[in-house]
Structures are given as structure tokens and as C-alpha cells.
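Student: Residue numbers (numbering that gives the first Met the number 0), protein chains in the order written: chain A, 0 to 194; chain B, 0 to 96.
It is worth saying that the hints were derived from the structure and are not from the lab. For clarity, every value in this text was computed on a predicted model and none was experimentally measured. Where is the CB? At the ideal position from N, CA and C, for every residue including glycine. A portion of the hints provided could be inaccurate.
What the hints assert, rightly or not - Pairs of lysine-lysine, BS3-like flavour, derived with a Cα cap of 25 Å:
(1) Lys190/A to Lys74/B
(2) Lys67/B to Lys84/B
(3) Lys84/B to Lys31/A
Unchecked claim - Beyond 10 Å from chain B on every Cβ pair, some chain A residues (computed):
(4) Arg167
(5) Leu179
(6) Leu182
(7) Val191
Unchecked claim - Some, not all, of what chain A presents toward chain B, calculated at C-beta under 7 Å:
(8) Phe35
(9) Thr46
(10) Leu49
(11) Val150
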Amino acid sequence: MQALTPGQLALVLLFEAVSGTIALLVSHYSNKAYRFTQQKRLADLSTGFLVLSAGMYGRVIGILYAAIFSDIETLGITIIATGFMRIMAYILFVISTRHTIKVGPEMALFLQVPLLIDLNLEYIALVILVIVVLQSLMNYASSRSRYGLYVFTGFLLLLLSHFAAVMRNGYLLSQILQLLAFLALFVMLYKVGRE
Amino acid sequence: MSRKRAYRSKMRILADMMRCIQEEGEEGAGPTKILYSANLSHDRLTQYLDELVEKELILLAEENSSNKVYKLTEKGREFLREFVKMEKFSEAFGIEI
């Protein structure tokens, strides 16, 4: 069973919070684009990123709360709830993009990775994300837009992060990949803004 | 690979018209030029030109018995800049506007 040190857990939570913030930025920009163009698919995209962002923040808060109060039950609920939120967000993406601290026993239980992921939800998320990645690849292949390449890279890295999450000892890697995915989207957003 | 556009949103039509006017620079564009460039019927063209003038995105710079010339306003240029950003962002996700 893979275990995280408190330092690693803090890093994971930091990555999650940064990713959630970028997701919120993408949601905001999508919403702005929706208000400007009235294209409904942009509203779906915005909702997807908003749900994903809320799930990520919920995860950070839930894990922190559970870690502080040694509340395994809350941790379980948080993981399931945010897992569902993630799946909802990915479904919306499919729709919108069609095409050194000694660890005490309680704490040690917390830091066991299997408690931080729900394998069933991860598999569902994987399947949905494969569709999202294929759609973004087709979109890039037809548009050859560098912004499309950033989106494809972002979704591909997100997919790889879920693969890493279900792998043995891959949890930390999955969080790094997830952060890179959102950084790719952030770069896209930044470059579009400078257009 | 070119993608056939089955439907153009009103927003895109307005942007196409304004792009045509922008391409003509300081001289501005006449209705015929805009009509061909934006691929519109005469009735639609008149309706949309009136709307763009009303919204102060373009202005009627010259008008005599035979000639009308439309120019882009600063508000129109800002609108086009914003439209290009939204267009690039949307297309990155495979969404056409």
C-alpha cells in the first residue's frame, strides 16, 4: 500500500488547489465567451470547469478537515462526492467539446493512497476522458490551431493522471500530471488573452 | 482539411462584415463589397448594417446619391479584437461560434 508523507500530502493538496484555480479561470473565460457569443456549448464548458474546480477545492478542504480531525468518514464522503463531480465535469466536456513528522496511527491511515482515490470512479473517469481526448485530438487535427494543441495536451495529461492514479505507487505522479494538464490550459488561456 | 460551415451565427456574420470593413482600412467599404465578402442577401445586409451603425460599431462615413462607405469605429475595432480572442479560445475546444 502506497503511503504519503505529510510533506507529500501537502504538495498534493497544493497541486490540487493550483489546478482548481486554473480550472476556475478557464470556467470564467468560457463564461465570458458564452456571454459574448451566446454559444451554448461554451456555457456547458464553463459549467464543466466550474464543477471540476469546485470538486478540487472540495477535495482539498475535505482532506484537510479529515486530516486535522482524523475523520475517516468525512474523507470517504469527500472522495466519493468529488469523484462524482469530476465525472460530471468530464461528461460536460464530452458534450461541450464534441468533436518528518512522526505519523500517528490515525494520521497514517489517512495518508494511505487507497483512501484518497475511489478506483471505480477513477475507471469511469478514465473511460469518459478517453472520449474527451479523442475529441480534442480530432479537433486539433482539423483546425491545426496551436491553442487546440494546448487543449489536447491538457486533456491528454489529465487522462494520463488518471492512469497514474490507478497504477501502483502512482498517486503523486498523477497529481503532478494533473497540475501539468491545467498548466497547459493556463498557457493556452494566457496566450489567447495576449492575442 | 477544410470544414464546411453549415450554419453561421449572427455574431459571426456581424464579425465577418466588420472584418471586411477593417480590411479596407481608412477608405472604408461599400455595401456591395461587404455583401460579397460576408455572403449575404441584400435584405439581410441592410438589416445588419443598420444594426451595426445603431450599436456604433461602424459608421456611415460618406453618403451621396450613389455611394455609401462604412468605416469601423474604435468600439468596432475593440469588438473585433475581443471576438478574435473568443474565437481562438472556442476553436481550441472544438467549438465554433
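Student: Does each hint fit the structure? Answer for all of them.
Tutor: Consistency of the hints with the structure:
1. Lys190/A to Lys74/B: With Cα atoms ~23 Å apart, Lys190/A and Lys74/B stay inside 25 Å; holds.
2. Lys67/B to Lys84/B: 30 Å, violated
3. Lys84/B to Lys31/A: At roughly 11 Å apart (the allowed maximum being 25 Å), Lys31/A and Lys84/B satisfy the hint.
4. Arg167: 34 Å, holds
5. Leu179: Consistent with the label, Leu179/A stays out of reach of chain B, its closest Cβ about 17 Å off (over 10 Å).
6. Leu182: The claim stands: Leu182/A keeps its Cβ more than 10 Å from every Cβ of chain B (closest is about 15 Å).
7. Val191: Since the minimum Cβ distance to chain B is about 5 Å, Val191/A lies within 10 Å and the statement is violated.
8. Phe35: 5 Å, holds
9. Thr46: 13 Å, violated
10. Leu49: 15 Å, violated
11. Val150: Since chain B brings a Cβ to about 5 Å from Val150/A, closer than 7 Å, the hint holds.
Hint compliance for this structure: hints 2, 7, 9 and 10 are broken, all remaining hints hold.
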